[in-house]
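Got chain A; can you put chain B on it based on the hints?
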Amino acid sequence: MKSTLFFVFLVLIGAVSLFAHHGTGISYDQDAWITVKGTVTEFAWKNPHSQLYLDIKDEKGETVNYAIELNSPGVMTRYGWSRRTFKVGDMIEFQVHPSRVGAPVGEALCPCKVKINGIELKSEEQPAQQPQQ
Amino acid sequence: MHNRVAGSIAVLALMTVFSSAALAQRGGGTRGAAPAAPSVPHDPHDLTGVWLGGGGGGGNRNPVTQWLRQAPPLTAEGKAKMDSNKSGKGPRAVMPALGNDPIGDANPPGLMRTLVYNRPLQIINAGDQIVTLFEWGHFWRSIWMDARKVPDDPDPRWYGYSVGHWDGDTLVVDTVGLDPRGWLDEWGTPFSEETKVEERWHRVDRDTLELTFTLTDPKYYSKPWTSDTRTFRLQGKNSPDHELLEVIFAPLDEQEFNRRVRNPAAGVK
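Chains as they are written, first to last, in my numbering: chain A, 1 to 133; chain B, 1 to 269.
Next up, chain A with everything else stripped away, as it sits in the complex:
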């Protein structure tokens, strides 16, 4: 796989510096955000971290199933999210950190920047202390 540009709908939107010791994210490029766009195929509201699966189109126009690692249900609940936040068939735009090895996997821990069917999803709660996940 040549690069994350493999996905035509992935748009590099900028670099962000985070703690060098940030969470589980070392498998992901924490200096980059990309936006993935696609249709929800599955929302796994489970520990240790929730997962959102999208069908997206690659540069050849072929469908690829992309996994987004989210935070745990416990943390996301405190942001006002629930197991019903995403439904199969929803059109999603999600900013994520891409996998370092170019796999169709990204990471987005709350607070997240996401649109569902064109409408931005608000994170209702801002916990005083966010777990280091």
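In case anyone wonders, no lab produced these hints; they're calculated from the structure.
Be aware that one or more of the hints could be misleading.
[Claimed, not checked] Partial list, derived from the structure: chain B residues whose beta carbon lies under 7 Å from chain A: (1) 88; (2) 93; (3) 249; (4) 253; (5) 257; (6) 265; (7) 266.
Remember, predicted model here, so these are calculated numbers, not experimental data.
Beta carbons are placed, not taken as given, at the ideal position from N, Cα and C, and that holds for glycine.
Below, chain B alone, put in the same frame as chain A:
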């Protein structure tokens, strides 16, 4: 009348002193916490409530362990053990799929690691024991308060065997038998089967609980060392953390997560 006025002035003076002390205690010790309110009456020997850690120990920028701003006095054997613990977090982090973190296979985090993790815990007075419920992993620990001794030859337990007593307003807890397959923190800091821990819990004011511990483990550390102070805040009814959630790491879920996310993210088939 004169006495009432004098008494009121004395009370106000005491409130000012205690409020200032409370503010000083909190200064820089917590992040994202609400501004300190004047301390209100509480029983310092009653730790009942839901508490959320986040201040003090647990620093993301510590050099070796989350518990300490300095490097702990590792022995050569301790250093070797630490090097063999491959965490997905901290200054020695590797991609989780390439590491050997026990909780990556849904094993329990164990007592000390749970205490440094920022999830709610609930303390309950239960007669001859103080029980702590941990949201993270859905585990609990008992601190026996009936003057018994810790066992001389304890079985290994992920959450140890703990006996407590009050030293003034400080709850002193002696723990032995911690299963050394666990880690002291998220970063893979080790402890051996010889470990003894003395925790000291102090309720500074109604809303603030502080923990330090001294760890004695001659196998992995050349001398006992004492953690930085970790601060816990009481979670009121309106806090999103007031109600402990069911956070269970079921092997069924963990295995699926590894197969579909953790492993492919690191290029592991």
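Practice item. Kindly indicate which numbered hints from before are broken by the structure, ordering the numbers from low to high. Key: none
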